[in-house]
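> On the provided structure of chain A, position chain B as indicated by the hints.
The listed protein sequences derive, respectively, from chains A and B. Sequence positions in the first sequence follow this note's numbering and run 1 to 215. Sequence positions in the second sequence follow this note's numbering and run 1001 to 1217.
You can trust all of the hints, since none of them are fake.
Some chain B residues well away from chain A (every beta-carbon gap over 12 Å; in silico):
| no. | residue |
| --- | --- |
| 1 | Leu1037 |
| 2 | Ala1040 |
| 3 | Ala1066 |
| 4 | Phe1100 |
| 5 | Val1103 |
| 6 | Ala1132 |
| 7 | Leu1133 |
| 8 | Leu1134 |
| 9 | Ala1197 |
| 10 | Ala1201 |
Covered by chain B, according to a simulated footprint, are these stretches of chain A (three or more residues, beta-carbon under 8 Å):
| no. | region |
| --- | --- |
| 11 | 35-47 |
| 12 | 51-57 |
| 13 | 87-97 |
Bear in mind the hints are in silico, worked out from the structure with no lab data behind them. Predicted, not measured: the structure shown is a model, and the values here were computed from it. The beta carbon of each residue, even a glycine, is placed where N, CA and C say it ideally should be.
Now for the letters of each chain:
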Amino acid sequence: MSSSPHSRAPALSLVREAAASSTARDPATHSDRTLDWSICMARAQGGDREAYRRLLEEITPYLRSLAARRVQNRGDIEDAVQEALLTVHAVRHTYDPTRPFGPWLVAIANRRIVDGLRRRGRSGSRETPLDTEHETFAAPETNYHEAASEARALREAVEALPPGQREAVRLLKLEEMSLKEAAAASGMSVTALKVATHRALKNLRKLLGSKGEDK
Amino acid sequence: MITTPDLIESLVANAAPVRRLRPPVVRAAGWLLFAALMLALLAVSHEVRPDLALRLRQPDFVIGIAASLATGVLAAIASFIVSIPDRSRIWLLLPLPALFVWVSTIGYGCLTNWVSLQPGSLLLGDEAGCFALLVLTGVPLSLAMLIMLRHASLLAPTRAGISGGLAVAAVTATALSIFHNHDASAIILIWNFGTAALLVALGGTFGRRMFSWVAPH
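For reference, chain A alone in the conformation it holds in the complex (with noise of 0.2 Å):
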């Protein structure tokens, strides 16, 4: 790299002017990295399994730094590069190793960058985050404090009910449990604990519906 430009062969030369021209810490312009890439995307659109892995993942921090100049979110900058590679993948056969590989990749990610902005600010402005001072909605029901009240009100139905249907609902409905965990656990058949849960549920909705009403 110390060498002077004139030692070398004028094309070579020529391509490294043009590299320190544009941005010097650019990978993609730098064209001994290039050559390496283009040499590599040659031989893995003959099916050179090792070439194009070694492609792919010195290309992916490259992306990654392409992504992070337009996109502050990490997860989305990670979709990016994502995107970005399996376009490369898909289009991998428009690439033409007489030309160089920098423009070609930089042109695809720009493209697939600019997509997910594109996305992201559609989704962003139609959606809002939710957060907790939105968790209400507009019917009136839904804003009354009384959340707890209601909780009450069914454990207290839940007591009102005959022995044989409170257990059933307790054990297969508060404590979660399978009908063959809770016909052990109780001594019921499983038929039987299937018709009391269907009574329990019947008189349950009885109870509350009369009390909703009442209101």
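For chain B alone, coordinates are given in the frame of chain A:
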């Protein structure tokens, strides 16, 4: 969500050898060859307009037809070039000079022949034949373009759609002026320009959807 190293592994596992695309100009030539074949087939089945030999001696007709043909050729080349990721979108401007000449010949003819439009010249049967010709040339050419440019669905669907639509429209208009004799230039204007505008608009609007239909992501 899949992690990036896993994604790379799965892509590497699917890295079957691919055939490189030929240079865009060669592929455009392939499409134009197909278009020429279509026109030749049409010339065999339909007959050429009766006054073609006479019209070919009139410079404005020749300029018009040459301009629409040139627009078709240049737009086809442009759409194959812009469908490659690293090519500049400035290539989209390639057909513009020819397009300008084409539109001006139509406009000029329209201006000078406007009075020749008579009420009786708008015959429905004739228009139906015109429309059939339009569909007969336009649909296969659009499909061929769509399939040949399917990789553009991931890259530049709108750009490729606009340019491809223009190429199809220009070739179709050339066919129309070879096979149909409309001396009422308003009709030419409506057909040529209306179709071109329609196809370009369709290509631009639905390009993305049509490409993703041909090449699902």
